[in-house]
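Asks: If you use the UniProt record's numbering, the sequence shown closes out at 165, no skipped numbers anywhere.
Read the hints as simulated data drawn from the structure, not as lab findings. As the structure is a prediction and not an experimental result, all values here were calculated from the model. It cannot be assumed that every hint is accurate.
No more than 20 Å apart at the CA atoms, straight line, and that leaves these computed lysine to any residue pairs for SDA-like [what the hints assert, rightly or not]:
id, residue 1, residue 2
1, K159, G127
2, K159, E135
3, K111, P150
4, K159, Q105
5, K159, D24
6, K162, P137
7, K111, R61
8, K118, R34
9, K151, R61
10, K118, A155
11, K159, N139
12, K159, T114
13, K159, L108
14, K165, I37
15, K111, I161
16, K111, W40
17, K162, I37
18, K162, R61
19, K160, N139
20, K122, K165
21, K118, R61
22, K122, I161
23, K162, C50
24, K165, A155
25, K118, I37
26, K162, L108
27, K160, D76
28, K111, N139
29, K162, Q115
30, K122, G112
31, K160, E121
32, K165, D35
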Amino acid sequence: MNTSAVAPMASSSPSSDAAKEPGDLLVQYVVLRRDLIDEWPLGSTVTQGCHAAVAAIWDHRDRIDTAAYLSASNLDSMNKVCSMKCRNELYPSQWFIGVKEYYTQVTLEVKGETQIRKLAEKLTAEGIEHKLWIEQPENIPTCLATRPYPKSFIASYFKKIKLCK
Numbered sequence: 001m002n003t004s005a006v007a008p009m010a011s012s013s014p015s016s017d018a019a020k021e022p023g024d025l026l027v028q029y030v031v032l033r034r035d036l037i038d039e040w041p042l043g044s045t046v047t048q049g050c051h052a053a054v055a056a057i058w059d060h061r062d063r064i065d066t067a068a069y070l071s072a073s074n075l076d077s078m079n080k081v082c083s084m085k086c087r088n089e090l091y092p093s094q095w096f097i098g099v100k101e102y103y104t105q106v107t108l109e110v111k112g113e114t115q116i117r118k119l120a121e122k123l124t125a126e127g128i129e130h131k132l133w134i135e136q137p138e139n140i141p142t143c144l145a146t147r148p149y150p151k152s153f154i155a156s157y158f159k160k161i162k163l164c165k
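The whole structure should be built from the sequences, with the hints applied where relevant.
Replies: Take a look at the structure:
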């Protein structure tokens with residue numbers, strides 16, 4: 001069984017979604033632990049991120065932003081976030097011209113258990129809905145994922161956290 005830290009919902013109604021500015025991206029942040037990335041097999045670490053991301057979406061499936069993030073018309077337009085160098089090498093800048101909006105998952109990393117717990121506490125205190133994945137039977141926090149939010153609303157909570165490489 002998995003226990004988690006989930007921010008309390010302001011309301012059970014999807015109307016408590018954050019206001020989305022025109023042209024704003026919907027993003028889901030996934031935060032992995034660097035110490036586990038270095039110590040565990042890659043597949044095990046990736047699985048932790050998958051568990052947390054799916055659980056955060058499932059727990060907040062009633063939110064308007066979550067429904068939009070998962071809509072049939074948007075599933076094929078999801079993107080990963082990478083550094084500008086990576087983005088310029090992988091995608092010509094013209095690729096983004098004419099794209100009204102796309103849906104993004106941002107994968108970040110923190111140093112270890114202390115940092116991921118502090119991040120979960122901060123998000124809970126601020127009312128940011130998320131899932132802290134606790135791996136069983138070890139009972140250790142391995143990953144944190146937010147539900148989808150407008151980037152303009154949530155990015156400030158993650159601006160000091162490193163992009164996972």
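Asks: Evaluate each hint against the coordinates.
Replies: We went through each hint and held it up to the structure:
1. Note on K159 and G127: the hinted pairing holds, with a Cα-Cα distance of about 17 Å set against a maximum of 20 Å.
2. Distance hint between K159 and E135 is unfulfilled; the C-alpha atoms sit about 26 Å from each other, more than 20 Å.
3. The suggested pairing of K111 with P150 is violated, with an alpha-carbon distance near 26 Å, which exceeds 20 Å.
4. With a C-alpha separation of about 15 Å, the suggested pairing of K159 with Q105 holds against the 20 Å cut-off.
5. The suggested pairing of K159 with D24 holds, with an alpha-carbon distance near 17 Å, which does not exceed 20 Å.
6. The suggested pairing of K162 with P137 is violated, with an alpha-carbon distance near 29 Å, which exceeds 20 Å.
7. The straight-line distance between the Cα atoms of K111 and R61 is roughly 30 Å, outside the 20 Å bound, and the hint therefore fails.
8. Between the alpha carbons of K118 and R34 the distance comes to roughly 15 Å, so the proposed pair stays at or under 20 Å and holds.
9. Restraint check: the Cα-Cα separation between K151 and R61 comes to about 18 Å, which is no more than 20 Å; the hinted pair holds.
10. Restraint check: the Cα-Cα separation between K118 and A155 comes to about 17 Å, which is no more than 20 Å; the hinted pair holds.
11. This hinted pair does not check out: K159 and N139 have alpha carbons roughly 28 Å apart, beyond 20 Å.
12. For the hint linking K159 to T114, the alpha-carbon distance of about 18 Å falls within 20 Å, and the restraint holds.
13. Between the alpha carbons of K159 and L108 the distance comes to roughly 10 Å, so the proposed pair stays at or under 20 Å and holds.
14. A C-alpha spacing of about 10 Å is found between K165 and I37, which places the hinted pair at or below 20 Å, so the restraint holds.
15. For the proposed pair K111 and I161, the alpha carbon gap of about 10 Å is at most 20 Å, so the pair holds.
16. Proposed proximity of K111 and W40 is supported: the alpha carbons are some 14 Å apart, at most 20 Å.
17. For a cut-off of 20 Å, the pair hint linking K162 to I37 stands: about 14 Å separates their Cα positions.
18. A distance of roughly 28 Å separates the Cα atoms of K162 and R61; the hinted pair therefore is violated under the 20 Å criterion.
19. Straight-line distance between C-alpha atoms of K160 and N139 comes to about 27 Å, which puts the hinted pair past the 20 Å bound.
20. A threshold of 20 Å between alpha carbons decides the hint, and for K122 with K165 the separation of about 24 Å lies outside it, so the pair is violated.
21. For the hint linking K118 to R61, the alpha-carbon distance of about 25 Å lies beyond 20 Å, and the restraint is violated.
22. Among the hinted pairs, K122 with I161 is consistent with the structure: their alpha-carbon atoms are about 13 Å apart, no more than 20 Å.
23. Straight-line distance between C-alpha atoms of K162 and C50 comes to about 19 Å, which keeps the hinted pair within the 20 Å bound.
24. At roughly 19 Å between alpha-carbon atoms, K165 and A155 fall within 20 Å of each other, so this suggested pair holds.
25. Proximity of K118 to I37 is assessed by CA-CA distance (about 19 Å); at most 20 Å being required, the pair is judged to hold.
26. A hinted pair counts as satisfied when its Cα atoms are at most 20 Å apart, and K162 with L108 qualifies at roughly 6 Å.
27. Taking the CA atoms of K160 and D76, the gap is near 29 Å; set against the 20 Å cutoff, the hint is violated.
28. A distance of roughly 18 Å separates the Cα atoms of K111 and N139; the hinted pair therefore holds under the 20 Å criterion.
29. For the hint pairing K162 with Q115, the CA-to-CA distance comes to about 12 Å; that is within 20 Å, so the pair holds.
30. Restraint check for K122 and G112: satisfied, since their Cα atoms lie roughly 16 Å apart, inside the 20 Å limit.
31. Distance check on the hinted pair: K160 and E121 sit about 16 Å apart at the alpha-carbon level, within 20 Å; holds.
32. For the hint linking K165 to D35, the alpha-carbon distance of about 13 Å falls within 20 Å, and the restraint holds.
Violated hints, listed in ascending order, are 2, 3, 6, 7, 11, 18, 19, 20, 21, 27; each of the other numbered hints is respected by the structure.
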